[in-house]
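Asks: What follows is each chain in one-letter form.
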Amino acid sequence: MALGFTEDQRAFRDVVARFLADKSTPTAVRELMVTSTGYDAAVWKQLSGEVGLLGTHLPEAFGGFGFGPVEMGIIAEEMGRYLYCGPFFASAVMAGYAVLGAGSEVDKLRLLPGIADGSTIATLVLDNLNSPDQVGQQLGATSAADGYQLSGVASMVVDAQVANLMIVAANTPQGISLFEVDPQAQGVAVEALEVLDPTRKLCSVGFTQTPAQLLGEVGQANLDPLWGLMSTMLAHEMIGGAQALFASTLDYLKLRVQFGRAIGSFQSLKHRAADLLLELELAKAATHEAARVLATGEGDLYAPNMAKAMASDAYINIAKQAIQLRGGIGFTWEEDTHLWFKRAKSSEVFLGTSNWHRERMMQQIEETADV
Amino acid sequence: MALGFTEDQRAFRDVVARFLADKSTPTAVRELMVTSTGYDAAVWKQLSGEVGLLGTHLPEAFGGFGFGPVEMGIIAEEMGRYLYCGPFFASAVMAGYAVLGAGSEVDKLRLLPGIADGSTIATLVLDNLNSPDQVGQQLGATSAADGYQLSGVASMVVDAQVANLMIVAANTPQGISLFEVDPQAQGVAVEALEVLDPTRKLCSVGFTQTPAQLLGEVGQANLDPLWGLMSTMLAHEMIGGAQALFASTLDYLKLRVQFGRAIGSFQSLKHRAADLLLELELAKAATHEAARVLATGEGDLYAPNMAKAMASDAYINIAKQAIQLRGGIGFTWEEDTHLWFKRAKSSEVFLGTSNWHRERMMQQIEETADV
Amino acid sequence: MSNAVEGAGSQGPGPSKEQIQTEVGQWLDEHWSVDLSLSAWRTLLVDGGWAAPAWPTEFFGRAFSEEQAAAVSEVFVARGVVGVAQAGPGRLASHTILGHGNSDQKQRYLRSILTGEHAWTQLFSEPGSGSDLAGLTTKAERSGDVWKVNGQKVWNTSAHHADYGLLLARTDWDLPKHQGLSYFLIDMRQPGVEVRPLKQMNGHASFNEVFITDAEILPIDLLGSEGEGWRIAATTLSIERQGFAGDRSGGRARTLVGPIYDEYRDELAIALEPYTWYPQRAGRVDLALPRARQTGAIKDAQVRQELAKLLCMQKGADIAAATAAAAKRSGNNEVVPAGSIGKLAASVIARQASHVHTLASGADAMLAGPASALEGIIAEVLVSVPAISIAGGTDEIQKNIISERVLELPKEPRFDTGPFRDVPRNLADT
Amino acid sequence: MSNAVEGAGSQGPGPSKEQIQTEVGQWLDEHWSVDLSLSAWRTLLVDGGWAAPAWPTEFFGRAFSEEQAAAVSEVFVARGVVGVAQAGPGRLASHTILGHGNSDQKQRYLRSILTGEHAWTQLFSEPGSGSDLAGLTTKAERSGDVWKVNGQKVWNTSAHHADYGLLLARTDWDLPKHQGLSYFLIDMRQPGVEVRPLKQMNGHASFNEVFITDAEILPIDLLGSEGEGWRIAATTLSIERQGFAGDRSGGRARTLVGPIYDEYRDELAIALEPYTWYPQRAGRVDLALPRARQTGAIKDAQVRQELAKLLCMQKGADIAAATAAAAKRSGNNEVVPAGSIGKLAASVIARQASHVHTLASGADAMLAGPASALEGIIAEVLVSVPAISIAGGTDEIQKNIISERVLELPKEPRFDTGPFRDVPRNLADT
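One line per chain: the protein sequences are H, X, V and D, in this order.
The opening residue of the first sequence carries number 1 in the working numbering; numbering runs sequentially from there.
The opening residue of the second sequence carries number 1 in the working numbering; numbering runs sequentially from there.
The opening residue of the third sequence carries number 1 in the working numbering; numbering runs sequentially from there.
The opening residue of the fourth sequence carries number 1 in the working numbering; numbering runs sequentially from there.
Calculated directly from the structure, the hints in this document are not laboratory data.
Model, not experiment: these values are computed from the prediction.
Just so you know, not all the hints are guaranteed correct.
Claimed, not checked - With beta-carbon atoms standing in for the labels, derived distance ranges:
# : chain 1 : residue 1 : chain 2 : residue 2 : range
1 : V       : Arg414    : H       : Glu31     : 43 to 49 angstroms
2 : H       : Glu31     : D       : Pro424    : 27 to 33 angstroms
3 : D       : Lys299    : X       : Thr368    : 23 to 29 angstroms
4 : X       : Gln364    : V       : Glu375    : 29 to 35 angstroms
5 : V       : Gln179    : X       : Gln364    : 56 to 62 angstroms
6 : H       : Gln213    : D       : Lys299    : 53 to 59 angstroms
7 : X       : Thr368    : V       : Glu375    : 23 to 29 angstroms
Claimed, not checked - No farther apart than 30 angstroms at their CA atoms in a straight line, the calculated lysine-lysine pairs in the DSSO-like style are these:
#  : chain 1 : residue 1 : chain 2 : residue 2
8  : X       : Lys254    : D       : Lys106
9  : D       : Lys148    : D       : Lys106
10 : V       : Lys139    : H       : Lys254
Quick reminder that beta carbons are idealized off the backbone N, C-alpha and C, glycines included.
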């Protein structure tokens, strides 16, 4: 696959961007972020129906469009840019990729078409969002007469408040397995949490002897590739947000006058902007590369780790400067900058910190070297 | 002990500074750094005799002046500022503190007066300069009929080329011990090394069944306090050098004209200077604090680690910028900046990197907490 | 910059510390009672001359030196006696009026500031002039017998409680920007003044916006002369930079029993309300190590490094500040001026603290509110730290000051020295 | 900026690749021999018209397009045939003269550049004008029949081997600085020109200083018109920015056997000598991981983090550069201009690499020379990296370019637009 995007891909990005520019305005974001569901059902319907984005990455056999991580990354990037509020990441990315990776053909036929057409809002229940190695310590499954029973608590689950399907990673004597759970089933307790970033809703989800159906084979859930896919999509979301903030900050620097000159003419601010551009461009390159590696299977295994670490650092640095360069105005609630700042902050620690991803990358380099 | 320096201490600093400003000019440094001995014997004589600095930290009973780490720090700071070339650090600081810490009364009476009056040029032979924990892996001592015998190699020893006394840390079955060795004794091989920083000479020193006299009690050499003293003095040397480079760089910024204005009027350079000043001031404060802690025994045990880490980072950052802000001129041999840059670079890794010192500091914080 | 008021009060030797403490002690024996109302007690205090002993004798004071006034405070603290209204912008008002007001203004305003009857606010900053305060565009024009004022102010602490405001407004657009400003005392309780709370990104609303539309000021409320505004504002700003101690009871007021303390605590709570998140803004360095231990992140080598860097910086800054203070006390001026450097250090430290808290929390840093880590303190740190490098002069302004005043590097070229009318400015301000 | 020469050569379709390769193959069959001397062979090459096929037909070329010229090179590389003198400043000279010289100048200079008979150097930078190249103060004054030149140049690669120099000098002090410069071709072998090697902090002496005292230039060696110097210098600089490939034999010359190769290798060694430390200047990222493994530092969590950061940046920069190049090839200009950003990335990467090498070596980083780590390569990295953010335009200049041209932020105010005579400058330059 060639570097850069094809014309089709660029056109696809334009479609996504135009849709979100229209639907996910700062005004809409502010309205949705204070609702309990956190999303606009009408927009969700258009997203799945008219624009048809939810099944982008799913094979046609399961109701999807058969595209790959590059196209999915384009969506995630634009959603990050426009700060889209809704269960796309939880349902299409997290749950979608989880089922695609671990489910049997039957599982996929049963679950993916709903995810693809938006009638199912799924989420992936992980009892740890720091590292795949720590998943399974709080949630366990035991086999029961008619399947499995789950017990335990996942302290943070994305968009569980609107999910009608839960894909749950839980420990079994055979190892980590994925399960399908009906949120209405017995023993499921979903509780909304107060969050730092109100554009990404979180709930705690508890299970008490909740009936669950195994996906794929028991103990065969390999969370590493799933984590790589999710991290890559999150990295796209982050560089999208970083670009939005960088652009709006440049506009501000050109417009704002102090001491008789546009503040963007002050050399220390100009140089800072150049430094941020460099960091952003490298993060973008690494993020797009991760999607290409996942799409082709060629390249560094740890490309998703690179992408998440770099996108995360770039986003948070740009977000800090987006506030700083606006001065007091940037710290007000009225100004939109903090919406992206908070998304940057929550993304920074979601699915592993930069440090964790860099350490993971080095482990993979060293494992490869040992062979 | 009060914060800041007393009037006596400030006057003492002036004396030291005036002496070095006169004797350790950049011209003198350039001359000495290409000699094989690396120092000026006449200046050394004045340093010990007329100015009387070598025994500053040694008790009067052993020929010294009975001052403490604060005064010794003042000397080290000024030596760093003027890039003094000579075995002060090896003999007075390293070997002097080693004997003071580990030697018996008899040992001290025998060895310290010579160090104090400069007739002895001593050095401390450590087979590892990264961490006290790694000392003793390359040098071992076995007891022999008339004392001990040393064997092994220390790959880097400061100023061994001019030492007429070696204090050697070597492993014994009872643990690390310090020994006195005559460089002229059998089996001693001293070989000058090519160094990155020609103002600090290094040699490899090998021993083959070399007769050695134990200092103090066998296995009782506690290198940690010694390492703390050496690190604190090195930190002083570094903030001295950092101040010299910072001052000369400011002068350059005020003088150099490009684009019709002094380059020091460009805001990005002004702000960089402010950032460097902040880093320098914090490092200076921490370094002087370390000397006070060692002098009084009151305060954080890990103050020397803080000092070395902060002084090291500040010095290398200022040194990099001292070159960068001078542009091409700063990269020439003719310009003096690189002399300090190289001292900064060698100091950065001498006696443990900043990372090592920070890790050590955290270990001590956690040990204290466990009690 | 020296404090205009303290300068005014430092006259002659006067009574000794012992004499003062005996006298104030006797006076308190006669007058102090925890059953008095706050305003009744403060009226006694003012009338008795113990409200502000460092002030001039003509205006409620005794012209005491700093040491003498401290002797009075000592007795107040020791006995748990409530002092005059001190917290918040009232102090800025009284010191500025004392320094620059005429006799009439001092007579009209100072007393009610001391008794707490009237609250004040500062009306300096504007949306269009933040770092560039002197570029403000609120207009005051003579119209018949009054000044008519129009404009918008921002970052006005406690403006919603204020009876009066310290207003900086432009009265001449043809002079260079610093010369066309005048300083007014404005009645906030008039139709042309609208105060709206200004919510911050961390959810607090510590400040206000003030919209001024055809508000009126009588000529007798011009402080100093027309065009003297910038010079007088410098006094207000220098007092503001000294910070304010809030509770002057030495903390005892929190626990003492009696009706006057209840009233005092209510007053204090209102005055301090805007500042509850300030410790979080500074990064809560004190919580970094305990938090890392709590989460187990202390075992992570990266976290240890970042934590160590934080503790190093904090220690360096503490020592540097203490050394500078000690040197200042002993009259040794060798030491680098501490103000701007200390402020810059605080920014760097707060950012590093926020970073450490983020690492120590991991994914838990996505949560906020009382149920989250340390009852929401960590979350509040993460969304409050961005303010520290902005409030009270941005880091950029501090670096300008350090590089020009401390390091003596050449000044930025200026584009705003001509008549203010011709100086480029924000669209909204023209 | 497009290359003036390549532009000149791209005319019409002409022969196909196959035709060209057949023709040049036959010609080589007849003329090429490894027993020829380098100059004899290159004379044949020039006379045969195969020396610079992209050049105009009037001047030793065939007006070939870039693709056609590449077809010729392919055959040369495949057969291991030595080409014309290409390395070093000669290329800058030939392209600049080709673009801006008159016929006489082309006739006099181009041939000997191709044959390697004459070597060139570039005389642009001065001690007083580094980042501000156009502020140079070397003077050229008409004195009777000649130009008399006085001044000092610096950073002159290979000046000690040069027969001629590309000289930028000021001919009019009353015009603004860019307008008063003229471009000369100067004979370096004259008494008024003194070349001294300039030693760098890493011990290499890749450059020279050139002291010019009453040196003379004939009017026929003014390139272009008086006052056109800056415009012409832009051509030279744009070619310099393209870099130069050095050995055009595809690396084969290193191993091939025959007298001409011996001579060629000597020539190449001299031409490349100034650049031997350039890989170290870039930080030797390639050695970071192997070195960390060698010393065992790879087990240190800090080193792993810093190494990972380095590899991330390098990967990001590689991909960004490759994406920009691919986009450029496909005519898509959406991508951010790569030049200055790439240069800035190289600085950041080199500094991080130096940091990683320092950490990986620990105290061993105190050593240098052949007996030290990786035969001295690590030490050379540590003392060479400071150059990368200076040479070829400092990081500060790159950031000005990025912020103004890419991000379209307002320009710095200028203080050097009036007559050059009145522009403030360094004391030494007045």
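Asks: Indicate, hint by hint, whether the structure satisfies it.
Replies: Hint check results:
Under the hint 43 to 49 angstroms, the C-beta atoms of Arg414 (chain V) and Glu31 (chain H), about 45 angstroms apart, fit the expected range. Evaluation of the 27 to 33 angstroms hint for Glu31 (chain H) and Pro424 (chain D) yields a failure: the beta carbon distance comes to about 57 angstroms. A C-beta distance of roughly 27 angstroms is found between Lys299 (chain D) and Thr368 (chain X), which places it inside the suggested range of 23 to 29 angstroms. For Gln364 (chain X) and Glu375 (chain V), the hinted distance range of 29 to 35 angstroms is satisfied, since their beta carbons lie about 30 angstroms from each other.
In this structure the supplied range 56 to 62 angstroms holds for Gln179 (chain V) paired with Gln364 (chain X), their Cβ-Cβ distance being about 58 angstroms. In this structure the supplied range 53 to 59 angstroms is violated for Gln213 (chain H) paired with Lys299 (chain D), their Cβ-Cβ distance being about 44 angstroms. Separation of Thr368 (chain X) from Glu375 (chain V) is about 27 angstroms and conforms to the stated range, judged on CB atoms against 23 to 29 angstroms. Proposed proximity of Lys254 (chain X) and Lys106 (chain D) is contradicted: the alpha carbons are some 46 angstroms apart, above 30 angstroms.
Pair hint Lys148 (chain D) plus Lys106 (chain D) holds up; C-alpha atoms about 23 angstroms apart against a cutoff of 30 angstroms. For the given pair, Lys139 (chain V) sits about 26 angstroms from Lys254 (chain H) by alpha-carbon distance, which is consistent with the 30 angstroms threshold.
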